[in-house]
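Asks: Next come the chains, spelled out residue by residue.
Number of protein chains: 2
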Amino acid sequence: MLSRTQQKALKRIVGEGRFLTDEAARSVYAFDASGLSGTALAVCFPKTTEEISKLLAFCHNDGIPVYPRGAGSGRTGGAVPTVPGIVVSLERMNRVIEVSQKDMLTVVEPGVITGDLQGLVMRHGLFYPPDPASLSFCTIGGNVATCAGGPKAVKYGVTRDYLLGLEAVRADGSVLTLGGRTVKASSGYSLKDLMCGSEGTLSIFSRITLRLIPRPVAEGVMFACFSSPEGAAHAALEIFSMGLVPRTCEFMDRTCSRLVTREGGFPVDQETLGAMLILESDGSPGSVADELDAMKVACQKAGSFYSKVAESCEESNTIWSLRRTLSQRVRQLGYPNKVSEDIVVPRGRLPEIVGRLEAIERHFGIKIVSFGHLGDGNLHVNVLYHGDRENELIDEVIDSIFRETLKLSGRVSGEHGIGLTKRKYLTWELDVVTLGTMRGIKDLFDPKAILNPGKVF
Amino acid sequence: MLSRTQQKALKRIVGEGRFLTDEAARSVYAFDASGLSGTALAVCFPKTTEEISKLLAFCHNDGIPVYPRGAGSGRTGGAVPTVPGIVVSLERMNRVIEVSQKDMLTVVEPGVITGDLQGLVMRHGLFYPPDPASLSFCTIGGNVATCAGGPKAVKYGVTRDYLLGLEAVRADGSVLTLGGRTVKASSGYSLKDLMCGSEGTLSIFSRITLRLIPRPVAEGVMFACFSSPEGAAHAALEIFSMGLVPRTCEFMDRTCSRLVTREGGFPVDQETLGAMLILESDGSPGSVADELDAMKVACQKAGSFYSKVAESCEESNTIWSLRRTLSQRVRQLGYPNKVSEDIVVPRGRLPEIVGRLEAIERHFGIKIVSFGHLGDGNLHVNVLYHGDRENELIDEVIDSIFRETLKLSGRVSGEHGIGLTKRKYLTWELDVVTLGTMRGIKDLFDPKAILNPGKVF
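Those sequence lines, one after another, are chains A and B. Residues in the first sequence are numbered consecutively from 1, following the numbering used here. Residues in the second sequence are numbered consecutively from 1, following the numbering used here.
Bear in mind the hints are in silico, worked out from the structure with no lab data behind them. It is possible that some hints are incorrect.
[What the hints assert, rightly or not] Only pairs whose alpha carbons sit at most 20 Å apart, straight line, appear in this in silico PhoX-like list of lysine-lysine:
hint	chain 1	residue 1	chain 2	residue 2
1	A	Lys301	B	Lys155
2	A	Lys407	B	Lys424
3	A	Lys102	B	Lys407
4	A	Lys155	B	Lys155
5	B	Lys407	B	Lys424
6	A	Lys102	B	Lys155
7	A	Lys155	B	Lys102
8	A	Lys102	B	Lys102
[Said to hold, decoys possible] Facing chain A, according to a computed beta carbon distance under 10 Å, are these residues of chain B, among others:
hint	residue
9	Gly17
10	Thr318
11	Arg403
12	Lys407
[What the hints assert, rightly or not] What follows is a set of in silico ranges between Cβ atoms, one per label pair, in the way DEER data are often shown:
hint	chain 1	residue 1	chain 2	residue 2	range
13	B	Pro285	A	Ile213	51 to 57 Å
14	B	Glu98	A	Gln7	57 to 63 Å
15	B	Ser400	A	Gly63	57 to 63 Å
16	B	Asn391	A	Ile213	39 to 45 Å
17	A	Asp293	B	Ser241	50 to 56 Å
Owing to the predicted nature of the structure, the values given are computational and were not obtained by experimental measurement. For each residue, glycine too, the CB sits at the ideal point set by N, CA and C.
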């Protein structure tokens, strides 16, 4: 509980209307998209770096836990107030301060919605590629905190690759000015890269400078069907070995591909269908056409039994709608419960991992559907089930998924972060020295452990 | 001085032949390419992670300074043993452990020569883009330590963008295993990114995993002449604003462009010539031709009075030789002394920075030649002079260059690191909180300050 004096002091920092302690606000901000929840003693909505700084200095002094929060769209519980504390929502810091065509960058506050920013810079002829699935409501601040990716990461990289500069407030309220406006630099330790992916445990971001690139003039899409997931994985490898880098290389496993093509109007034999790839290309109009043709050949070489390059805008939309409707169709399978995991393996291990996921499904007799960014080796694996979430079998299934991932030199998080739900698996991935060093960094930045306590470690 | 017991212990760790204390070895390894020197008490050549670990544990215990060293090709004194200590040369750890076509990566020891690695992976149909000017003798370990770039960074990014995994030995001898073999991950703090650019002050790298990309099938080159440096800078901006990303965008100022074209056989009017751009494109054969044509148009639009796209392999070589012979021709100007600096500004400030460099040259009546990676905003600025290096005027000139750079939101090092020579300027760039935080990181990793003491800070 916050004392009356504490409440008064905090209210003074952000102003009456931006410090909420009512039941409704506290419930809403106690949850995030992981479905987990904690206890929010209050919710603050700072509007300036100075307010964040004062908030943190106060909480640091009084030892009050602070939970920075973007849109709460994270899948691993990163924004959940585990130990009772104050949720600091950055959603009111949502100004785009600058879009510079000459410097090819944008300066934003952390609460800017990723999709909004993409649309805005597009109108300036520029392109911000990172595109997490939640882009219509997630925030840039949250993207930096988890080093978010998305389908286009296979060609364009993840959030880190666009992070030029960062203003970040330390636990004690002091303000770091990291990086800047240049596309390269070798001036001291790259603390902005340390902050990227630190999941709100080292600082609160107050201002973010992002690199932009020229907007590609043309784009095109195709899809290819395979009789097995391994076939699709081999096709992805074949594409890379031909020197092609698709803009997206999205995979759907047996269940997913059958679900989305059932009514899609494409003459795909459902019985034969074992996996699907959706492939995009962008660049100049000529190179897009050439690249799609070459990717089609690669798919055929890897055993694709049906493939289709979109020849009109309408066909492109139809193909992308296969991917877009996926979540909805998975829901229609009628499983009340779902655990979504995010794994990543080296590219060459793709055929193995998709095979092993099928083996786990068979072994446990449980429904697993996987889809995602195959070109990166990054898959979203969903375990679907009836009954209790805490079911021991589910834990065993998830354990098996991570065990197999690590056996293939994979990592326990591709783009979702560790948060709460993957802490156990992080200890599987990292050795004691490395994990201990990360803890040392945490202690250095946040000696009183007030920043997003209980996360990552 | 090392005691006899210490010498014996160190000799036992690396073996007799790889622990040198003779005069010749100690002199050679006291220098680096900055021209500065210090005092090497001994030179060690470890061959395994275990040897590095034991060396560091011993030196940590005895408080002996340790200077990790690649090829000594750094320009800022990063490898110089400022306080007497042991130079740990990684040059015998030069095995390429793996080139994986499927995973599109290579695993190397730190002493592998960058150019050798590029050639090797090329023969596997793969491409490692970072290409510092010293690539024929610099090492991958040194490249990671300074986050090296090169001409191709404008399209392909710097060393950091290719660093997937890193084995690094901490000052106390404990071994960190950072990153891995996947192209993305969000598993805890990105310590590999903290190590990249840390200039040997936080750890010694013992094994490095680098991402590779498909080798582009075609490439082409052109050059364009302008009446002023500002014209060339505007052309670079015009190129980006047309949505083009050249593979290289190399600039030469008035002096440089006149020097190299004097005998090049191109009909360029020396009197009019004020700057030159060399532009490359790579990709598919069709896109290369299109891109070069479009870049030529952009240059003409920005006022280029002569431009030439290479139409044969021979012509390409002739154009590139303009750039390659530059250093030699600058030497022929007959100035015995030179200070080379490496600055970077936001892209949009390019016309201003090249203008201000000319203004500094005029103001001080001193010869300044600048060339480099204009597309990145990264210029190498060389102050040429007769007489004493310690000359006060030279210090003033250098100060002015960095002052103007910072005024334009630039940074004091683009790709050379801070080392010894830029420590003063780093304090100009960074505020007290940020610099203090970096020092905190240094203390955390190296509490006894034995790793490359006196560098960066």
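Asks: Output the numbers, in ascending order, of every earlier hint that fails for this structure.
Replies: 1, 2, 8, 9, 10, 11, 12, 13, 15 and 17
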